[in-house]
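Line by line, the protein sequences are chains P, L, E, W, R and V.
366 is the number of the first residue of the first sequence in this note's numbering; add one for each residue after it.
366 is the number of the first residue of the second sequence in this note's numbering; add one for each residue after it.
3 is the number of the first residue of the third sequence in this note's numbering; add one for each residue after it.
3 is the number of the first residue of the fourth sequence in this note's numbering; add one for each residue after it.
86 is the number of the first residue of the fifth sequence in this note's numbering; add one for each residue after it.
86 is the number of the first residue of the sixth sequence in this note's numbering; add one for each residue after it.
Hints should not be assumed to be uniformly reliable.
Stretch by stretch, here's where chain E covers chain R in the computed footprint (C-beta under 8 Å, at least three residues) [claimed, not checked]:
| no. | stretch |
| --- | --- |
| 1 | 143-150 |
| 2 | 187-196 |
Pairs of lysine to aspartate or glutamate, DMTMM-like flavour, derived with a Cα cap of 25 Å [unchecked claim]:
| no. | chain 1 | residue 1 | chain 2 | residue 2 |
| --- | --- | --- | --- | --- |
| 3 | P | K372 | R | E175 |
| 4 | L | K433 | L | D483 |
| 5 | V | K168 | R | D120 |
| 6 | P | K429 | W | D67 |
| 7 | R | K134 | L | D454 |
| 8 | R | K87 | P | D483 |
| 9 | P | K373 | R | D137 |
| 10 | V | K134 | R | D137 |
| 11 | V | K168 | V | D141 |
| 12 | V | K87 | V | D174 |
| 13 | V | K134 | V | E179 |
| 14 | V | K115 | W | D15 |
| 15 | L | K429 | R | D141 |
| 16 | P | K418 | P | E468 |
| 17 | V | K115 | W | E91 |
| 18 | R | K115 | E | D18 |
| 19 | E | K63 | R | D142 |
| 20 | L | K418 | E | D88 |
None of these hints come from the bench; they were simulated from the model.
Even glycine gets a Cβ: it sits at the ideal position worked out from N, Cα and C.
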Amino acid sequence: MENEHVKKIMHVMRHAPHGTIYSYEGLEMILIMAAYEQDLSVVFIGDGVYAIKKNQDTAGIGIKGFAKTFMALDGYDVEKLYVDRVSLDERGLSEEDLLVDVEVLDSSEIGALMNEQDVIIHH
Amino acid sequence: MENEHVKKIMHVMRHAPHGTIYSYEGLEMILIMAAYEQDLSVVFIGDGVYAIKKNQDTAGIGIKGFAKTFMALDGYDVEKLYVDRVSLDERGLSEEDLLVDVEVLDSSEIGALMNEQDVIIHH
Amino acid sequence: MLHTINKSPFSSDSFDTCIRFLQPGDPVLFIEDGVYAVQSGNRFSSAVGGMLHSNPVYALKPDLDARGVSGLTDGVETIDYDGFVDLVEAHQVNSWL
Amino acid sequence: MLHTINKSPFSSDSFDTCIRFLQPGDPVLFIEDGVYAVQSGNRFSSAVGGMLHSNPVYALKPDLDARGVSGLTDGVETIDYDGFVDLVEAHQVNSWL
Amino acid sequence: MKIGILLKEGPYNHQAADTAYRFVEAAIRKGHTVDAVFLYNDGVNNVTKMMDPPQDDRHIAARWDQLHKARGVEILACIAASKRRGICDEVLIEGGEITGLGTLTDIAIRNDRLLTFGD
Amino acid sequence: MKIGILLKEGPYNHQAADTAYRFVEAAIRKGHTVDAVFLYNDGVNNVTKMMDPPQDDRHIAARWDQLHKARGVEILACIAASKRRGICDEVLIEGGEITGLGTLTDIAIRNDRLLTFGD
Numbered sequence: 366m367e368n369e370h371v372k373k374i375m376h377v378m379r380h381a382p383h384g385t386i387y388s389y390e391g392l393e394m395i396l397i398m399a400a401y402e403q404d405l406s407v408v409f410i411g412d413g414v415y416a417i418k419k420n421q422d423t424a425g426i427g428i429k430g431f432a433k434t435f436m437a438l439d440g441y442d443v444e445k446l447y448v449d450r451v452s453l454d455e456r457g458l459s460e461e462d463l464l465v466d467v468e469v470l471d472s473s474e475i476g477a478l479m480n481e482q483d484v485i486i487h488h
Numbered sequence: 366m367e368n369e370h371v372k373k374i375m376h377v378m379r380h381a382p383h384g385t386i387y388s389y390e391g392l393e394m395i396l397i398m399a400a401y402e403q404d405l406s407v408v409f410i411g412d413g414v415y416a417i418k419k420n421q422d423t424a425g426i427g428i429k430g431f432a433k434t435f436m437a438l439d440g441y442d443v444e445k446l447y448v449d450r451v452s453l454d455e456r457g458l459s460e461e462d463l464l465v466d467v468e469v470l471d472s473s474e475i476g477a478l479m480n481e482q483d484v485i486i487h488h
Numbered sequence: 003m004l005h006t007i008n009k010s011p012f013s014s015d016s017f018d019t020c021i022r023f024l025q026p027g028d029p030v031l032f033i034e035d036g037v038y039a040v041q042s043g044n045r046f047s048s049a050v051g052g053m054l055h056s057n058p059v060y061a062l063k064p065d066l067d068a069r070g071v072s073g074l075t076d077g078v079e080t081i082d083y084d085g086f087v088d089l090v091e092a093h094q095v096n097s098w099l
Numbered sequence: 003m004l005h006t007i008n009k010s011p012f013s014s015d016s017f018d019t020c021i022r023f024l025q026p027g028d029p030v031l032f033i034e035d036g037v038y039a040v041q042s043g044n045r046f047s048s049a050v051g052g053m054l055h056s057n058p059v060y061a062l063k064p065d066l067d068a069r070g071v072s073g074l075t076d077g078v079e080t081i082d083y084d085g086f087v088d089l090v091e092a093h094q095v096n097s098w099l
Numbered sequence: 086m087k088i089g090i091l092l093k094e095g096p097y098n099h100q101a102a103d104t105a106y107r108f109v110e111a112a113i114r115k116g117h118t119v120d121a122v123f124l125y126n127d128g129v130n131n132v133t134k135m136m137d138p139p140q141d142d143r144h145i146a147a148r149w150d151q152l153h154k155a156r157g158v159e160i161l162a163c164i165a166a167s168k169r170r171g172i173c174d175e176v177l178i179e180g181g182e183i184t185g186l187g188t189l190t191d192i193a194i195r196n197d198r199l200l201t202f203g204d
Numbered sequence: 086m087k088i089g090i091l092l093k094e095g096p097y098n099h100q101a102a103d104t105a106y107r108f109v110e111a112a113i114r115k116g117h118t119v120d121a122v123f124l125y126n127d128g129v130n131n132v133t134k135m136m137d138p139p140q141d142d143r144h145i146a147a148r149w150d151q152l153h154k155a156r157g158v159e160i161l162a163c164i165a166a167s168k169r170r171g172i173c174d175e176v177l178i179e180g181g182e183i184t185g186l187g188t189l190t191d192i193a194i195r196n197d198r199l200l201t202f203g204d
């Protein structure tokens, strides 16, 4: 009965970090939503994969870094982290370049997951 | 002697109209600068060419149209209007689709013009 | 799932990206600068044509009119804001910003 | 003429567009999200390599570091804000937003 | 149908605020309920009463204000996003409210749809 | 070298304001003159004193204010763009000024360079 109101909410990270704020404010939104015990997932597509790239050091641009905060998602029970394989490939990146444990999926698998959602928010 | 301080200023229209304000506020800037008797030119590149597409009717989106104001540039002695040929071609457009008289140039010609400028502003 | 695309395919990757995740049968609605995709004879016409084999494709008429986009790729349907609401009533929504 | 590019080549057309208008010898500086272009082994590496045949190519190091971009395409030089100022002193500027 | 709206871009600079408004208008006209418009990212800039566009242009903040007063649609700006951008009680339209992201989560949960407009 | 800056995006949402600031800092440090920072499009949102970012983040409006006071760099917001977006004397930082596009033209004419930052 309790699960009746649990919604499937997917956050789609589409922007690179630092150049715009979408990725950072997207993460802030995910962290708040995590407290509401909904069925959350986070998908990294396109430039969104850069948000969780290792070795980001923002000291030189004077903007607070936040890549490591993605590592905290696990502690908030946000465990469904997916990355689009094509997006990694065309950027010359592999799973080892990423800061957090993610599941790398094909486009069709991510597309199928999208179609199960009640709410999808792009960041 | 007077011409000593005349600067070559190029405005590069890069955005489609209505979806964002860059094209409209760019035009406002050009109209003001036109009063200062500098050597102005306007180049339409990429989605910027859509700004001068014929038959725009913005009534349905509730935003003021401004395409026809480009026709007024001539009256302000802004006569150097250039359009990038590749940008037209890949959009399936030709000179007849445009509201104003322009000179259609190849990329290399526009590139050469750019290199003569003192100031270039993208909109 | 209704997919909306609001950016020009020429200047943004939203169009190309959305296509990859689209499931057969999902309706696609072009709005705002996204509507430039559906003009026939441009660089994206064949991609839109391909999309039409498996998905219904719509474009928001007020946005087409505002931009003077006519001569649409065959099979693209135009709708107004009321039609947009109807699509949202029939489907969950995935807005590819 | 110094050309600056501040957008990711993957999500914006600024990179592809700028390339078409570049004159031989003109320096190109990648800043902000533009710096992703110069990582070796990505989809744009060969385009950057081609650019290097006729043009000096720079990337802003603070922006590279902020994004963890390393392993740059051979021939790309990194500079800091002081170097950016030096390039601006030597050239007029064309900022491809 | 009960609908929530998430608006992620500021007024005038992007069409998002206009499209969102026209969509809400049409939804209400067709008998649906629009619960709230939640403003995030630069979207919070939609609710400053200080905006003063040309006479012959639409007044985007006044339009949201009117939507709240006439139709009861909640117009909500995220507090963290607002503070960053200078949206505060001193500049807020009467019909607007500054609130937390928890409210957006409630909106996502209690509505049949959550639609995003942005850029 | 005498430099003018044109800044076309708002604070925090885009890096443009940060890059512009760091460039100006470096130029002044290297002995160049930065004449003015002209704000256009959403760039006018840089000068609202109402912004109140988290303690551990930079305060972009205060930084421009300080740049004017310590270095004499004019911080100018376009009046037409400002009115549309709710930037007015009530919210303007002390070191900022609202002015017309004619001033930008003067800046373009009297400086050796006009550099644009935006998105």
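Item checked: Violated hints, by number in ascending order, as checked against the structure -> Of the numbered hints, 1, 2, 3, 4, 5, 7, 9, 11, 12, 14, 18, 20 do not hold.
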